[in-house]
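Trainee: Residue strings, one per chain:
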Amino acid sequence: MPEEQRIWCAITNSPIAMQELTDFAADPAAGAMATFVGMTRNTNDGRRVIRLEYECYPGMAEKEMRKIAAEVLARWSIRKIAMMHRLGQVDIGEASVAIAVSSGHRHAAFEACHFAINQLKEIVPIWKKELYEGGELWIGSQTGTTGSWQRVQEENA
Amino acid sequence: MRITLRYFASVREKLKRSEEEREIPSGATVRTVWDILKREHPELSAMEKAMSFAVAQEYVDRDHPLQDNDELAVIPPVSGGCYA
Chain A
164 MPEEQRIWCA ITNSPIAMQE LTDFAADPAA GAMATFVGMT RNTNDGRRVI RLEYECYPGM
224 AEKEMRKIAA EVLARWSIRK IAMMHRLGQV DIGEASVAIA VSSGHRHAAF EACHFAINQL
284 KEIVPIWKKE LYEGGELWIG SQTGTTGSWQ RVQEENA
Chain B
5 MRITLRYFAS VREKLKRSEE EREIPSGATV RTVWDILKRE HPELSAMEKA MSFAVAQEYV
65 DRDHPLQDND ELAVIPPVSG GCYA
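The listed protein sequences derive, respectively, from chains A and B. Following my numbering, the numbering of the first sequence begins with 164 at its first residue and continues without gaps. Following my numbering, the numbering of the second sequence begins with 5 at its first residue and continues without gaps.
Next up, chain B with everything else stripped away, as it sits in the complex (with noise of 0.2 angstroms):
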């Protein structure tokens, strides 16, 4: 099946995209394309705790399913608003 990945902040610097499409393997979790975007950049790995992941822009977590055609976003530590 196929995903859209889509990658912000950090994860866009370090991975030089901001989404791509990817072939992933049926009955594929948010950790198998995690396991495999680790893999590929090993400098994930140091932000491995700290990683958030959205499916069709609600946060899910690490065993979600994911289906053909998702959206998974990838979601670095969020900073908005100030410091104060």
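Next comes chain A alone, as it looks inside the complex (with noise of 0.2 angstroms):
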């Protein structure tokens, strides 16, 4: 089966729908489909989190998605893989990300669905600004911190 029909990452403004991920995903040779959802929880650092609010690169965003979706096509036997991010406000409980990876055994659905969700928040250009009582805060902005790429390109050396 071509790449492209094995791949499907995409970036979107309304509520994510899981099961459109787990429809792409599904395939007749794979015994097992790992999912991954990551939502807006109500605490950060001890602040009481009112939302979220993401924003992206366009374009960059969904081709370094892809980027990740063909990596674990070449690392581990897996059948389909589908991500999925919301960009704007996100409410507590709501979902930011998904992820379904089938492939024909468990194994490698569980390690390249966490290998996905890992490499989405070290590289993907997305961003998000925490709503809490009493302020508001670009997460991974804080003095301090190392940059993104940077981060990745020395765990790879």
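Think of the hints as simulated: they come from the structure by calculation, not from any bench. No incorrect hints appear here.
Computed footprint of chain B on chain A; a stretch qualifies when at least three of its residues, placed anywhere within it, have a C-beta under 8 angstroms from a C-beta of chain B:
(1) 202-211
(2) 216-222
(3) 248-261
(4) 284-290
(5) 294-304
So the derived label-pair ranges between C-beta atoms look like this:
(6) A:Glu257 with B:Lys42: 33 to 39 angstroms
(7) B:Arg26 with A:Asp186: 42 to 48 angstroms
(8) B:Met5 with A:Thr185: 45 to 51 angstroms
(9) B:Met5 with A:Gln182: 46 to 52 angstroms
(10) B:Asp67 with A:Glu299: 33 to 39 angstroms
(11) B:Gln71 with A:Glu234: 25 to 31 angstroms
(12) A:Glu216 with B:Glu52: 22 to 28 angstroms
(13) B:Pro69 with A:Lys226: 20 to 26 angstroms
(14) A:Asp254 with B:Glu17: 17 to 23 angstroms
(15) B:Glu52 with A:Leu300: 18 to 24 angstroms
Note that the structure is predicted; figures quoted are calculated from it, not measured. Idealized CB from N, CA, C, for every residue including glycine.
With the hints as a guide, dock the two chains, each given alone in a separate frame, to form the complex.
Mentor: Quick look at the structure:
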């Protein structure tokens, strides 16, 4: 099956419909599907979170997501992978990111799904602003943090 | 030569704009432009180590030479996904 039929990466302004990802990842040769959903939690670092707001670098964000998906296909015996990230306001309990990975056996699906969410958080140009009781904060932009790209380069060195 | 600069998240808010065109000296690298931005907005220096850059939507290092009509994006630490 050509790679473009095995990968679906999307950025959306609407609530994430998980069923669309699992429908895409479904495959007759798959005996397992691992899914991951990341949601807005009501607390962070002792702050009471009101909501999160996401923005991305349009074009590059999708491109980096597709690179991660292609790496997943190269490293594990995976049938299909779907990755979706939501932008804009994401309220408490709502999903900001979702991944579905299908494979012949569960081990590859679990590992690939774990890898995909970790890489997405490290390198895809998406940012979140936390609105909490008493203020707002761009997560990751606090003084002293290492750059996203540099961190990945160092890990690969 | 002329390039387009893109700003996101905390950088966009600090600079109060999301993009602009700039005339830069020929032979300029990413570092040249970053140094100019830091001179104009000293508060960016606090994010010195944290900043990444992309040209034509690909991550590049600071020695990357710029060309006429390039799009250079200043990329603060990304934070996609959830907290978990």
